[in-house]
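K.L.:
Residues per chain, in single letters:
Number of protein chains: 2
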Amino acid sequence: MNEFASVLDDEAVAVARVLANDHVADVVEALNREPRETAIELLCAVPFERLVEIFDQPELESAPELAAALPRAKAGKLLTAMSVDRAADILRELDEPARSELLGALAPPLRATLLSILGYPEGSAASIMTTEFVSVPSDWTVGRTLDYIRKVERTRETVYAIYITDKDTQLLLRATGLRRLITGEPQDSILSVADRMPVTVTPLTDRETLAQTISKYDLLALPVVDHGKILGIVTIDDIIDTMVEETTEDVHRFGGMEALDEPYMKMGFLAMIQKRAGWLCALFLSEMLTANAMQSYEGELEKAIVLTLFIPLIMSSGGNSGSQATSLVIRALALREIGLRDWWRVALRELPTGLVLGSILGIVGICRIALWQYFGFYDYGSHWMLIAATVGAALVGIVTFGSLSGSMLPFALKRIGFDPASASAPFVATLVDVTGLVIYFSVALVILRGTLL
Amino acid sequence: MNEFASVLDDEAVAVARVLANDHVADVVEALNREPRETAIELLCAVPFERLVEIFDQPELESAPELAAALPRAKAGKLLTAMSVDRAADILRELDEPARSELLGALAPPLRATLLSILGYPEGSAASIMTTEFVSVPSDWTVGRTLDYIRKVERTRETVYAIYITDKDTQLLLRATGLRRLITGEPQDSILSVADRMPVTVTPLTDRETLAQTISKYDLLALPVVDHGKILGIVTIDDIIDTMVEETTEDVHRFGGMEALDEPYMKMGFLAMIQKRAGWLCALFLSEMLTANAMQSYEGELEKAIVLTLFIPLIMSSGGNSGSQATSLVIRALALREIGLRDWWRVALRELPTGLVLGSILGIVGICRIALWQYFGFYDYGSHWMLIAATVGAALVGIVTFGSLSGSMLPFALKRIGFDPASASAPFVATLVDVTGLVIYFSVALVILRGTLL
Numbered sequence: 010m011n012e013f014a015s016v017l018d019d020e021a022v023a024v025a026r027v028l029a030n031d032h033v034a035d036v037v038e039a040l041n042r043e044p045r046e047t048a049i050e051l052l053c054a055v056p057f058e059r060l061v062e063i064f065d066q067p068e069l070e071s072a073p074e075l076a077a078a079l080p081r082a083k084a085g086k087l088l089t090a091m092s093v094d095r096a097a098d099i100l101r102e103l104d105e106p107a108r109s110e111l112l113g114a115l116a117p118p119l120r121a122t123l124l125s126i127l128g129y130p131e132g133s134a135a136s137i138m139t140t141e142f143v144s145v146p147s148d149w150t151v152g153r154t155l156d157y158i159r160k161v162e163r164t165r166e167t168v169y170a171i172y173i174t175d176k177d178t179q180l181l182l183r184a185t186g187l188r189r190l191i192t193g194e195p196q197d198s199i200l201s202v203a204d205r206m207p208v209t210v211t212p213l214t215d216r217e218t219l220a221q222t223i224s225k226y227d228l229l230a231l232p233v234v235d236h237g238k239i240l241g242i243v244t245i246d247d248i249i250d251t252m253v254e255e256t257t258e259d260v261h262r263f264g265g266m267e268a269l270d271e272p273y274m275k276m277g278f279l280a281m282i283q284k285r286a287g288w289l290c291a292l293f294l295s296e297m298l299t300a301n302a303m304q305s306y307e308g309e310l311e312k313a314i315v316l317t318l319f320i321p322l323i324m325s326s327g328g329n330s331g332s333q334a335t336s337l338v339i340r341a342l343a344l345r346e347i348g349l350r351d352w353w354r355v356a357l358r359e360l361p362t363g364l365v366l367g368s369i370l371g372i373v374g375i376c377r378i379a380l381w382q383y384f385g386f387y388d389y390g391s392h393w394m395l396i397a398a399t400v401g402a403a404l405v406g407i408v409t410f411g412s413l414s415g416s417m418l419p420f421a422l423k424r425i426g427f428d429p430a431s432a433s434a435p436f437v438a439t440l441v442d443v444t445g446l447v448i449y450f451s452v453a454l455v456i457l458r459g460t461l462l
Numbered sequence: 010m011n012e013f014a015s016v017l018d019d020e021a022v023a024v025a026r027v028l029a030n031d032h033v034a035d036v037v038e039a040l041n042r043e044p045r046e047t048a049i050e051l052l053c054a055v056p057f058e059r060l061v062e063i064f065d066q067p068e069l070e071s072a073p074e075l076a077a078a079l080p081r082a083k084a085g086k087l088l089t090a091m092s093v094d095r096a097a098d099i100l101r102e103l104d105e106p107a108r109s110e111l112l113g114a115l116a117p118p119l120r121a122t123l124l125s126i127l128g129y130p131e132g133s134a135a136s137i138m139t140t141e142f143v144s145v146p147s148d149w150t151v152g153r154t155l156d157y158i159r160k161v162e163r164t165r166e167t168v169y170a171i172y173i174t175d176k177d178t179q180l181l182l183r184a185t186g187l188r189r190l191i192t193g194e195p196q197d198s199i200l201s202v203a204d205r206m207p208v209t210v211t212p213l214t215d216r217e218t219l220a221q222t223i224s225k226y227d228l229l230a231l232p233v234v235d236h237g238k239i240l241g242i243v244t245i246d247d248i249i250d251t252m253v254e255e256t257t258e259d260v261h262r263f264g265g266m267e268a269l270d271e272p273y274m275k276m277g278f279l280a281m282i283q284k285r286a287g288w289l290c291a292l293f294l295s296e297m298l299t300a301n302a303m304q305s306y307e308g309e310l311e312k313a314i315v316l317t318l319f320i321p322l323i324m325s326s327g328g329n330s331g332s333q334a335t336s337l338v339i340r341a342l343a344l345r346e347i348g349l350r351d352w353w354r355v356a357l358r359e360l361p362t363g364l365v366l367g368s369i370l371g372i373v374g375i376c377r378i379a380l381w382q383y384f385g386f387y388d389y390g391s392h393w394m395l396i397a398a399t400v401g402a403a404l405v406g407i408v409t410f411g412s413l414s415g416s417m418l419p420f421a422l423k424r425i426g427f428d429p430a431s432a433s434a435p436f437v438a439t440l441v442d443v444t445g446l447v448i449y450f451s452v453a454l455v456i457l458r459g460t461l462l
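Protein chains in written order, with the numbering used here: chain W, 10 to 462; chain U, 10 to 462.
These are calculated hints, taken from the structure and not from any lab test. Mixed in with the good hints, there may be bad ones.
Because identical chains share one entry, a pair is satisfied inside a single copy or across any pair of copies.
Claimed, not checked - Restricting the straight-line Cα-Cα distance to at most 25 Å, the calculated cross-link-like pairs of lysine-lysine (BS3-like) are:
1. K160 x K238
2. K86 x K312
3. K176 x K225
4. K238 x K225
This structure is a prediction, so every number in the text was calculated from the model and none was measured.
Model the full structure from these sequences, guided by the hints.
P.N.:
Next comes the structure, spelled out in structure tokens:
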């Protein structure tokens, strides 16, 4: 221990103290702050039971790398002792050959269970479920079930949800809760305290639906059922972790980039560039169409250079109103307040909304030009009223177009099979920019023909 | 019942069937789809116990209005029978005089409890807690506690978390879970199956911290403690509802508007305009600075109209990179991966990231101009190489500035006491636009001096 302490700095010694005494969630937080080498050294010095607790926390960063760095035998014991769903998470993120080596160190039944969980696509119910749940045959009594739960309590992720299977077919029949169980008489059948058939999900149910189902029915666990047989359960704490991850992904994507799968400060520099450059280039290439649009109006630009002054102002208003509409529709779709077939209802709402918002901005814009002209801050020339009218009318058109297309984009993406949350604010802005320019110059051609143009 | 059925259409009859038989969560969903008048008629016909179940669902829309529309005596009985936290929610959203009238119909002790909950600010732990939890004095045995739980089970929101208070001072001492309790011997002291002092929150803890605490420590309930006394508990299902709401608010705000507090399709038209027009006007007014910036470069614009062609392209790139950086920092702050004092670390990351991303876009931009010139799509004049260099260099500067200011904006907002999530994509874009123009024209002045300018 002396030798061990000597290689660590003061901070690490403090961490070692935390490791031994604090709540495991705080231990994990402390470990996450350490460089990986120090974390591994610390973990090697921790008692085995504590090690299991630490690795059972999904908040532990780089858990796969840490597990792989442990001596092989210890890592095998660790995977066996920890909860099955976390063990599967760790193996899923591990590269070969470390993954196969670790799997080889496990007992065949556990290996088979883990391999079957790993076979399901990431994010599906089966991929995050645990197989450590309580299920009892339908001919047991309340007393026998309670005795059984007392015995297995330590090895089950939750004992609050109890599943009752048919004693012959082993198909899932009913569910009950520990709170109902303790109110029953010991000699009564377990079915006497059971609720109706529980709400279930299939192995391929996606995590968004899982979160919605568990929150809608106020459940602590959700059984994953295939052909009537219960394969495992997804517990509410996994759902919460999932929801936090999902929110992060949504915000990143709405910001116009690929979602990061690691914490911001731990992400490698090149990986970060990769996640951001793709969308940035795609948006840049699309936005190049604005240069083409401007080129085709070059004649007008030369005649009325005053028009260029308002280009950024007008284009950004279209993007802003579009971004508002998109964020509204993304959330309404995610919360299932609206479905794909409601697109026309949304369009009918956004059309008048856009017209009113555009009119408000248009009036503000006209006032701005009139004020500057009146107080002599800037001279827009003798046709300043026509220019103000052009700006005002263009704003009505562009904000309406922005609201409409911003609200329709998530529908369009969903329709062609993409996640509607990929409709980012920059995406909408880019979509609106080119059309915005065309609207602006078309309005200018109509209003200013014969005077400036 | 005949008379009642005659005023309802076929769909409502189907709903009435659902009301009687389906899972309460599905009943609520069906009711939410009905117009308010129909919903009230249906609720009047429902057995009282079912009515309580329905109103206990936070998913029931317009619950306060529905409760106020019930006969006063029935509404009073309803509020008494339902869970205290939901009753407080309903009263909080009710306007006067309906609120005082309903409170008047309640028994004095319940009224006092509700008034004390209502006295706490919205969103605080005390405002969403329930006072229906299980707590027992420290001198009880395991058996006595179990008997007590069996008796009160039906009136408690959760019995899975059990709080042990000092038998004399009534201060919170320890916590345990029902799963530990059933493993104990009936004659043993309750303290023999208790864990250490539980993680607690104060009455004023905000809901974001609640969600983080409950998810970090994997709890089913979190006790709200004031001066050592336990006032109530916040349960995990309330937290999930809170998290969903919070995500919606974050997405709305990131889209550049005030968060909606009602579903998109149910929001009144004027209320919707209000929520959107404020930010839209604020952004519009700020963006007007671009017109001022353009005015001050009017001389350059007239000499080199070709420069205007790239204004939308260059400005949008700054906004896009800023939006990416903002979304990253907002989430990292929300997840506590970084704190306020880490701003310089983030700046040190965003500076090289912005330089690299800007260089990538700059090279793409230069290639675009060279290709168009080479293939004769457009003639940028004899100085096209200088123009390409201007665009390229401006992109490096603007994307770097965008990444930097986008990442610093959430810190700045947090520093002055605002929610960092108010840093919306349109906000960042507007911030970057004015500076972007200045950067572009400054670069142009340096590179093109003596040739075009």
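K.L.:
Now, for every hint given, state plainly whether the structure supports it.
P.N.:
Against the structure, the hints come out as follows:
{"no.": "1", "hint": "K160 x K238", "result": "within (24 Å within a copy, 34 Å between copies)"}
{"no.": "2", "hint": "K86 x K312", "result": "neither (79 Å within a copy, 76 Å between copies)"}
{"no.": "3", "hint": "K176 x K225", "result": "neither (30 Å within a copy, 39 Å between copies)"}
{"no.": "4", "hint": "K238 x K225", "result": "within (23 Å within a copy, 32 Å between copies)"}
This entry does not satisfy hints 2 and 3, going by the numbered hints stated previously.
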